[in-house]
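S.K.: As given, the protein sequences belong to chains P and L, one line each in that order.
Residue 754 in our numbering sits at position 754 of the first sequence; the count goes up by one each step and never skips.
Residue 969 in our numbering sits at position 139 of the second sequence; the count goes up by one each step and never skips.
Don't take each hint at face value.
Label-pair ranges, simulated between beta-carbon atoms [claimed, not checked]: (1) P:G281 to L:D1000: 54 to 62 Å; (2) P:R209 to L:R1013: 26 to 34 Å; (3) L:D1000 to P:H666: 36 to 44 Å; (4) P:K327 to L:D1000: 54 to 62 Å; (5) P:V116 to L:G995: 36 to 44 Å.
No more than 27 Å apart at the CA atoms, straight line, and that leaves these computed lysine-lysine pairs for DSSO-like [as the list claims (entries may be wrong)]: (6) P:K634 to P:K620; (7) L:K881 to P:K129; (8) L:K1008 to L:K1019; (9) L:K1008 to P:K634; (10) P:K327 to P:K574; (11) P:K508 to P:K549; (12) L:K910 to L:K1008; (13) L:K910 to P:K206; (14) L:K984 to P:K634; (15) P:K508 to P:K366; (16) L:K881 to L:K866; (17) P:K327 to P:K591; (18) L:K1019 to P:K206; (19) P:K508 to P:K431; (20) P:K441 to P:K549.
No wet-lab data here; the hints were simulated from the structure.
A virtual CB, placed ideally from N, CA and C, is assigned to each residue, including glycine.
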Amino acid sequence: MPRLTIDDIEIEVPHGTKVIDAAERLGIMIPRFCYHRGLGSVGACRMCAVKFLQGPFKGLQMSCMIDAQDGMVISTTDAEALDFRRHVIEWLMLNHPHDCPVCDEGGHCLLQDMTVSGGHGMRRFSGEKRTYRDQYLGELVQHEMNRCIHCYRCVRFYREFAGYRDLGALQIAQKVYFGRLADGPLESPFAGNLVDLCPTGVYTDKPARFRARRWDLERGPSLCIHCSLGCNTVAGARYREVLRQEARLNEEVNGYFICDLGRYGFAYAGHPERPRSPRIGSQAVGWQEAVAVACDRLARLGPRSIACLSSARASVETLGTLKYLSKRVGSDHFVCFYDAAVKFKMGEIVSKLDGRTAVSLRDIEKADLLIGVGADPINAAPMLALAMRQAQRAGAKVVMMDPRPLFLPCDFEHLSVSPELFDVCLSALVKSTFDRERVGKHGEAAVTLYDRMLSCDPLDASVQARLEPLIAVVEGCRRPIIICGSDIAPASSVSFAADVALLMGEVKDQSGVFYVLPGANAYGAALFDAANGSSFESVVQEIEDGAIKALIVAESDPFRYVADRDRLQRALNKLELLLVLDYLPSETVRKAHIFLPTRAIFETRSSFINQEGRLQVAEKIHSPGTPIWQVSNKGHPPRLYGTGICGGEPRAAWRVLQQIAHTLVHSQNEISENDPWPVIGGECAVLARHHQHNGPLHGLRIIPQTSTAAFFDGDLDLQPKQPMDGHLTLLPVVSTFATEELASYSEIIQRVIGSPCAYLHSDDAERCGLLDCDRIRIAVDDGFLEIDLTVSDKMARGFLILPRHSRFEWQKLHCFAQGLPVEKIGNCTP
Amino acid sequence: MTQFDGKGSQVTVGVPAGRLKPKRVRRNLDLTLWEKLYVFEIIRGMYVTTKHFALNMLGFVLPPRGKKRSVFTVYYPDEKVVLPPAYRGRPVLVMRPDGTERCVACGLCETACPGHAISIVGAERENGERYPLSYVLDMTRCVYCGFCEEVCPKEAIVMSSEYQGLAETDRSRMRYSKEQLLRSEESVKGRIEYIRRIYSKCNY
C-alpha cells in the first residue's frame, strides 16, 4: 500500500486511491467540481490542482487524475496551487450569471462556496456572457443552463452511470449544452440525482423550488420506505413539512444515489387531507378520551375476539408493539400480509436468508453474473437496476427470467418464460457447475436436490437454444448472484433460488441471493408474522362468523389490497370495534369507529429492516403538525399565542399501542414507556440483541450467520398451464411510480406517473385480433376494466400483463390465475 | 496556511489567514492639559444647553435673521420632522418605475432578520423573473436593526425615514403585506444613496 505525505501528514492508502481521496481521508478537502467518488475522475474542471513536491510527479497536477503512489510529497496549500485555483474560479465565473439570489442552489452551491473562499469578489472580464435557452425537463428537475460550468457530471451520471440516452452534451467548444434534443420529461427514474450532482444550479429540485434555502431546513438522516431496498436519504423539512430529500451516502446500500420515487415520494406526510386528530365515529375528541374509550371497548370483548392487522410499511417499532399488544390481550390473529402466498414466500425468505447468502447492493456491483428470477428491478426496486448496470459495466453478464417485457438500463439476456418454468430454467442453467461431492458437504438433502436438478426435463427448443451459451457463462463465473422477486415468482422459486445460491457458494468465490420484497419493512413484518398461522382470509372469515369482534389496524389499509371490497365492507360492518391507527387519509381510516392519528417516518424515530435483513434507523426530522402553508394559505407563519401546535396531535404508533396494552392488562413491573425496544426484543428473539441499538452508520444486519432451514424438496419439473383458447392468464405486476401505496398519496409523484398500460405478446394479440395502441376491455365479476394495450415481442406468450396502477382498479381482478376474455373497444386515449 | 471551516474540513482556497489581523484599539488617549481640567468643557456644554433653552423660550418672540425660526421643538403632528437619511425608520420595499417590486425573493432578509419578522413566498413571473408572491413584515417583531437592508443584494428593502403609524393598538394591524410596503424609488432615493455610501466602505 502506497505511503504518501500530504501537507506534512503521512498516510497509507489502498492501491488505486486517487490523491484527492487520500487527502479527504486526512480531512483535507481539496476543492473540486467534476470529480465525484461515485462517478470517477475526468479532470475537466482543473479545480483540484495541487503541488507535487517529490515523487514520480512534479509540479502542479490534478489530484483527481493521479493515483496515490509511494514517496509522494504533496502540498495542497502551495502558493502556486492557490493561485492556479483562484484563476480557475475566475474563469469559471466568466460566464456564470450573478444570479445567486434567485438561484435555488444558493446556500448549498459548490461554485458559490469556492468563489467566496477563493476570494473572487470582483469581475474583471467586461465582455458578454454566454447564454442558452433552458429546457423543460419534466416536473421533477428544473433546468437553467446559463449557470453551467461544464463539469460533465450530469452527462457522466445520466449516460454512463445510469445508462439512459435522452440527456447528453450537445454542440461544441464554448457552446457545449447539456440537455435533451427537445423539451420533454427526463426518461430516467434516477434523474433526480442530477440535482444532487450538479455543483451549481443547472439542475435544481422543481417541487421544492423557491420554498427554502438550505439553512432554513431542519435536516436529518432518514430512509426511503417506498421499496424494500431501504435507501438512505437526508430529509429536509421547513415549517412542519418535508420539502426536499437528498441521497445519503451508505456504501452498503444505495451508495451516493437514490431513485426519484425515494426522492420525491415524501409528500404523503404532508397530505392536505391527512387526519390529524383522534376521532370516535366522526366526532373529533381528545387523546385521553379516545384511548380510554378504545380500551374500554376492547376490555369488554373476550380475549380471542380481537385481531391485529398491520402491513409491510409499518416500522419495526409499530409491528413489535402491536404484536406485544395482541399477545397481551390474548389475540390469535396478527396479520401483516394480505396475500397468503406472499406471506408464505416471506416466511421462506426469512428462514433461508443467512450470512452466507445475503448480499447487499454493493455486492451486486461486484458480481460477474446476475441471474434474475421473476424480478423487475426498474419497477419494483429501481436502485437495484442501477447496481446491476454497474456490474454489467464492469463486465458482468445479466440473465433475466421473466414473462414481462423487461427493461433494464444495461444489456441483458432475457428469457421470457412463464413463472412455472423459473425453477427448471434455473436448474438447467446451474446444474453443470455442481458436482455431487461438493454438494454432499451440505448433507443428504442437498444431494437429493442435486439429483432432482439433473433429472429435469429439457425445455422446449427455443429456450434450450438460448440456455446453451449461458450455461458456459455460469460455469466460468466466479461471483454469481441470483436476484429473486417475491411478486410473480412462485414460492418454489423463492426457496430454490436460496438453495442454489448456497450450493454455488461451495464452487464459486462468492455467491448470494438478493430478494426483492413487497414492502419497506417486509422482512421485519415477516419476522413478527411468520410464526403464526392466521391469514387475512381467516380473519375475514372469523369476522363473518362473529368470532372476531374487534379489529386493530395499525398503519395498514386492507381496502387497497383486498380484491373483494364488498365482502370486506360487510365484514367490517359486523365488527363491534374497528380501531385504526394511521397517518394516511385511507379508506380504512374513513371507516374507523375509533381513529388515532400516528406519526409518519419524518416525525418519529423509526426502524426498518430492508430486504437483506439490515436494520436501519430513520431519525425524527420535525415535530408533527399541519404544514404552515396549509394553515396560513401559503402565507406568513401565524403568530399564535396558544399552547398547542395546530395539527400536532399525532403520536408515535408504538406509544399509543403500548399505552393501550398497559391500560388493558395491568402488571406489576411495567416496561419503560419511553423505549420501544425492550418490548420489541421480547416479541422477536432476533431483535432482542439490539436493545441498546444506537443506529450504526451503515445499519445492522440482523440475519443469522447460518440458517437451519431445510433444502427445497418440492417438484422442480412443473409444466406451464396451457391457456384456453382466446383466454389469457392475467399477471398483475408492479409499476415504478404507480403501485406503491405511500406514493399514491404523494402529489408530486401523481403528477409524473404515466397512464396504465397492459402488455400482450404479438402472437396472442394476433390471435385475439388486437393491435398495438388498442384500448381493451376486460370483463370482471362486477363490470369491466378498461386499459390501453401495448404489444410486445419480448415477453412470454399466453399472458396479459396488467400494472397495479393507481389509476387502474386492478383490485377488481379477483382471481388472477383464471383466464378472462379480452375485447377491443377502441383506440388508445391520447 | 489552512483554515478550518465549520464542518471540520480544511479549506485551502483563498487568502492566507495572516491578513485577517484584528485592529488594535488604543485605550490610553493622550489628553492635553486643557482637556484634563474638564471645568472649561463643562462650561462649554452648559453654554450650549442654556443657548437652546433661551432660544426655545424666546424663539417665537425674537426670530433670528435669515431663518424662519430657531425653535428646535416641533409642533407634531401639525409639523413633521425631516429626518436625515441615516435614520432607520420603517423598512419598506422599493418599487420599480413599472410598478413591480425590485425584490427577487432570495430570502436573505428573512435569514438575516434577528426577530424573524419577515416571511417571503417566492414565485416566478411569466418572463422567468423571480418575485415575492407574498412578502409579510411583522412590525411587532422588527427591531429596526437594518440587517435586511444590509444583506439585500437588490437594494429592494430599505430603512425609510417613515416614523408615523409604527405603533398600533392591535397586533394584527402591524403585519404589513407587500402592497402596504411598496414605495417608489423616488421617495427612498436619499436612503439608497446613503446605504451605497456606507456599505461600500465595508470590505466583504
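S.K.: Run the structure past the numbered hints and jot down the numbers of the failing ones, going up.
M.R.: 1, 3, 7, 11, 13, 18 and 20
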